[in-house]
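Input sequences plus hints: build the corresponding full structure.
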Amino acid sequence: MAILVSGSTEVMVQGIITTPGRTYTKLMLEYGTKVVGGVDPGRGGEEVHGVPLYNTVRECQEHHPDVKASAIWVPAKHARDAVMESVHAGIRVIVLTTQGVPVHDILMMRRKAWEKGLTLLGGNTLGVISPGRSLLGMLPKVAFKPGHIGIVARSGIMTYYIANTLDLTGQGVSTNVVLGGDVFTGCTYEEILRKFEDDADTHAVVLAGQPGGAHEENAVGFIKNMKKPLVAYIAGVHFPLERWEGPCVPPVQYPKPTGANKVAAFRDAGIPVADTLMDIPRLLKKAMRK
Amino acid sequence: MRLNKDKAAELLTQHDIPISEEALAEPAGSLMVTVDPASHKIMILLSKRSVEDWGELAAQSPRDVARDFLEPGEHAHGHTGRELSRRAGFNGADQGRLQKLVLGAHRIFSETECIWARLRFARIRDALAITRAEFELDDSALFRHPELRSSVEPPPERALSERERTARSLGIEYLDLDGDLGILPGGIGFGMAAVDIVTNTGGFPAGVMDSGGEATPERLRAMMDLLLDNPKVTVVFCCRYAGLTHADAWSRLMIHYLIEKKTPKPVVLRVAGNEEEAARKLFEDAAAANPELFKRVWTFFSNTPADNAAREAVALSEMIRKGEDPFAESTAEPAETKKAEAPSPPTPPAPSTAAEAPRGGG
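Chains as they are written, first to last, in numbering that gives the first Met the number 0: chain Z, 0 to 289; chain A, 0 to 361.
One or more of the hints may lead you astray.
[Stated by the list, open to error] Capping the alpha-carbon separation at 27 angstroms, the derived lysine-lysine pairs in DSSO-like fashion look like this:
no., chain 1, residue 1, chain 2, residue 2
1, A, Lys40, Z, Lys223
2, Z, Lys285, Z, Lys226
3, Z, Lys144, A, Lys280
4, Z, Lys194, A, Lys40
5, Z, Lys285, Z, Lys144
6, Z, Lys284, Z, Lys226
7, A, Lys47, A, Lys6
8, Z, Lys140, Z, Lys223
9, Z, Lys194, Z, Lys67
10, Z, Lys140, A, Lys280
11, Z, Lys144, Z, Lys194
12, A, Lys6, Z, Lys76
13, Z, Lys255, A, Lys47
14, A, Lys40, Z, Lys111
15, Z, Lys144, Z, Lys255
16, Z, Lys194, Z, Lys33
17, A, Lys264, A, Lys321
18, Z, Lys76, A, Lys280
19, Z, Lys284, Z, Lys144
20, Z, Lys25, Z, Lys67
21, A, Lys99, A, Lys47
22, Z, Lys76, Z, Lys194
23, Z, Lys255, A, Lys40
24, Z, Lys115, A, Lys40
25, Z, Lys194, Z, Lys226
[Claimed, not checked] Short, incomplete list of chain A residues facing chain Z, as computed with Cβ under 10 angstroms:
no., residue
26, Ser38
27, Ile41
28, Glu112
29, Arg143
30, Arg157
31, Leu176
32, Asp179
33, Ala241
If you are wondering where the hints come from, they were derived from the structure by calculation, not from laboratory data.
The beta carbon of each residue, even a glycine, is placed where N, CA and C say it ideally should be.
If you want it as structure tokens, here you go:
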């Protein structure tokens with residue numbers, strides 16, 4: 000089964016004529032993703048890598064009524080328009096890879112997507128991959144082998160290392176989801192964990208977090224009541240966040256959103272937290288035995 | 000980017016909010032408008048106190064802070080300010096004055112797309128006037144506000160070390176730390192994890208940076224020089240997961256750099272991802288051609304957990320810290336890449352482990 004994307008998911012690409020749009024459309028096609036259409040205003044009728052282009056999302060839907068997901072590569076100033084076009088068309092999974100999306104835009108997009116029950120990953124996300132089935136975004140196929148562990152993280156690159164660590168102990172991934180590295184994102188851990196909880200193909204979950212924002216703290220309440228085993232890994236416990244983070248972080252969180260405080264929040268709730276990468280498979284094994 | 004004082008005053012005046020520079024004005028309270036990281040809603044906070052840390056005050060003295068939430072894009076109304084000020088303990092007359100202040104601050108916050116707006120106000124005769132106003136803008140949204148570009152000033156910066164200043168001038172986000180093990184981690188997402196791994200295995204990070212993305216010879220040289228030219232650094236640990244790039248291309252640049260630099264300091268590399276086998280071959284060939292140099296270079300690939308590679312780097316730094324020569328027991332064998340290692344739970348390296356560490360050179 001997997002979550003968000005499977006082998007049968009029909010996908011469109013918005014911003015397909017941009018350089019990254021072309022590059023990653025090719026990678027997605029090579030991976031086996033069913034990319035059925037590209038959307039770029041004024042370019043309808045053309046093709047990119049054999050994929051037909053349409054002028055609007057609705058036009059793409061008219062030709063491919065089963066299209067359920069969109070990957071977006073557009074400049075930040077066009078991100079809101081592109082996402083809202085997909086939201087209005089009811090596209091169920093939207094992957095916004097764009098970096099530097101204005102905060103007020105992402106807040107509005109998130110709210111609209113949530114109201115319609117859609118999943119918006121990003122901005123600044125590498126996307127989602129169900130290994131061996133489908134890829135939506137920029138995650139490298141080399142990092143992910145099929146299996147039964149769900150991964151959800153804010154940082155894309157952390158998921159490479161987690162999947163690699165699982166692979167070394169003979170475990171693969173059902174679906175790997177990257178929320179996006181920004182403090183404000185279109186989707187929460189909880190939204191993804193709910194899907195993993197309902198997915199027969201996912202036997203356990205790894206949640207990777209990092210300092211900044213409140214994503215991890217917000218998920219604690221849900222995780223405590225999850226039926227499936229979950230192991231958390233919070234990077235940056237020894238990282239001096241106060242010397243790194245920019246001013247775009249609202250100075251209103253208490254305790255401060257450091258890695259150490261996030262680990263404490265999880266451990267206080269009885270959620271197993273791995274201290275190192277190699278702790279993850281060990282704790283997973285232990286949690287799955289229970 | 001922060002709005003400069005003049006522009007902040009201009010915007011407040013446009014919204015009919017009185018401003019005062021009277022130094023002896025009696026402080027009357029604080030107001031903040033921001034995005035709540037927890038709910039992703041717009042949060043307005045009001046207090047009768049002069050607040051420095053809103054989070055701490057709200058947690059430790061919640062009765063001193065009144066707060067309200069608005070959906071993104073939603074307008075504040077008169078009652079928003081009146082009700083907030085009532086709950087914050089202001090009297091009836093002040094509630095009317097604060098209504099205007101709250102509405103104005105929220106409007107400026109929304110119109111200029113701030114991340115946060117922080118204001119202090121004081122009692123000036125029968126009025127409440129702003130005595131301090133800070134508006135932190137969203138850099139990413141400035142394309143919609145060209146009129147503000149000439150009215151911003153950079154936020155107060157933390158003091159940078161000389162090395163951090165050099166890094167910044169080269170466009171590298173770098174952080175000096177107090178230890179002896181330099182870290183080149185790829186993106187900062189894994190950089191944070193790398194600092195933890197090194198620390199958890201008994202090491203002391205000396206510096207870390209955001210070294211992700213496509214590498215160029217110049218950028219790689221600048222980043223490695225930052226670490227290797229630091230006299231405190233005794234060992235460098237590099238992790239490269241070529242997900243969107245190619246490990247062989249990065250390895251070629253690294254090998255070229257190492258041959259050119261001829262550093263006497265040990266370098267521990269872990270390379271994984273696309274074209275990993277080609278990268279392995281490049282390191283084997285380079286070590287065969289430069290056996291003396293590559294005795295000081297340890298290479299690991301995806302069949303070795305990143306934790307274990309870090310542990311080797313930590314063991315080397317520990318030996319050097321103890322005054323031991325990490326190369327004393329080293330054989331002059333040409334580079335032999337590590338075979339697959341059985342993962343083991345992380346433990347701080349025991350002295351015996353440290354003594355064995357350098358054997359797998361290259």
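Hints versus structure:
Straight-line distance between C-alpha atoms of A/Lys40 and Z/Lys223 comes to about 24 angstroms, which keeps the hinted pair within the 27 angstroms bound. Distance restraint check for Z/Lys285 and Z/Lys226: the Cα-Cα separation of roughly 15 angstroms lies within the 27 angstroms cut-off, and the hinted pair is therefore satisfied. Using a Cα cut-off of 27 angstroms, the hinted pair Z/Lys144 and A/Lys280 holds, with the two alpha carbons roughly 24 angstroms apart. With a C-alpha separation of about 24 angstroms, the suggested pairing of Z/Lys194 with A/Lys40 holds against the 27 angstroms cut-off.
A hinted pair counts as satisfied when its Cα atoms are at most 27 angstroms apart, and Z/Lys285 with Z/Lys144 qualifies at roughly 22 angstroms. For the hint pairing Z/Lys284 with Z/Lys226, the CA-to-CA distance comes to about 15 angstroms; that is within 27 angstroms, so the pair holds. Restraint check for A/Lys47 and A/Lys6: the C-alpha separation of about 26 angstroms stays at or below 27 angstroms, so the hint holds. With a CA separation close to 32 angstroms, the supplied pair Z/Lys140 and Z/Lys223 exceeds the 27 angstroms bound.
About 16 angstroms separates the Cα atoms of Z/Lys194 and Z/Lys67, which keeps this hinted pair within 27 angstroms; it holds. At roughly 22 angstroms between alpha-carbon atoms, Z/Lys140 and A/Lys280 fall within 27 angstroms of each other, so this suggested pair holds. The straight-line distance between the Cα atoms of Z/Lys144 and Z/Lys194 is roughly 20 angstroms, inside the 27 angstroms bound, and the hint therefore holds. At roughly 24 angstroms between alpha-carbon atoms, A/Lys6 and Z/Lys76 fall within 27 angstroms of each other, so this suggested pair holds.
At most 27 angstroms may separate the alpha-carbon atoms for a hinted pair to count; Z/Lys255 and A/Lys47 meet this at roughly 23 angstroms. At most 27 angstroms may separate the alpha-carbon atoms for a hinted pair to count; A/Lys40 and Z/Lys111 meet this at roughly 13 angstroms. Taken as a hint, the Z/Lys144 and Z/Lys255 pair is broken in the structure, with Cα atoms around 36 angstroms apart against an allowance of 27 angstroms. A threshold of 27 angstroms between alpha carbons decides the hint, and for Z/Lys194 with Z/Lys33 the separation of about 22 angstroms falls inside it, so the pair holds.
For a cut-off of 27 angstroms, the pair hint linking A/Lys264 to A/Lys321 stands: about 15 angstroms separates their Cα positions. A threshold of 27 angstroms between alpha carbons decides the hint, and for Z/Lys76 with A/Lys280 the separation of about 44 angstroms lies outside it, so the pair is violated. Distance check on the hinted pair: Z/Lys284 and Z/Lys144 sit about 18 angstroms apart at the alpha-carbon level, within 27 angstroms; holds. The straight-line distance between the Cα atoms of Z/Lys25 and Z/Lys67 is roughly 19 angstroms, inside the 27 angstroms bound, and the hint therefore holds.
As the CA atoms of A/Lys99 and A/Lys47 are separated by approximately 16 angstroms, the hinted pair is consistent with the 27 angstroms bound. Taking the CA atoms of Z/Lys76 and Z/Lys194, the gap is about 31 angstroms. The hint is violated against a cut of 27 angstroms. Proposed proximity of Z/Lys255 and A/Lys40 is supported: the alpha carbons are some 19 angstroms apart, at most 27 angstroms. At roughly 17 angstroms between alpha-carbon atoms, Z/Lys115 and A/Lys40 fall within 27 angstroms of each other, so this suggested pair holds.
Annotation: proposed proximity of Z/Lys194 to Z/Lys226 holds, straight-line Cα distance about 12 angstroms (limit 27 angstroms). Annotation: interface hint on A/Ser38 holds; nearest CB of chain Z at approximately 9 angstroms, less than 10 angstroms. Because the closest C-beta pair between A/Ile41 and chain Z is about 8 angstroms apart, less than 10 angstroms, the hint holds. Contact between A/Glu112 and chain Z, as hinted, is supported at the beta carbon level, the nearest pair being about 5 angstroms apart and thus within 10 angstroms.
Because the smallest distance between the Cβ of A/Arg143 and any Cβ of chain Z comes to about 7 angstroms, under 10 angstroms, the interface hint for this residue holds. With a cut of 10 angstroms, the hint placing A/Arg157 at the interface with chain Z holds, because the nearest CB-to-CB distance is about 6 angstroms. Restraint check, A/Leu176 versus chain Z: the minimum CB separation of about 7 angstroms is within 10 angstroms; hint holds. A least Cβ separation of about 15 angstroms between A/Asp179 and chain Z goes past the 10 angstroms threshold, and the interface hint is therefore violated.
With its C-beta approaching chain Z no nearer than about 8 angstroms, A/Ala241 sits inside the 10 angstroms limit, and its interface hint holds.
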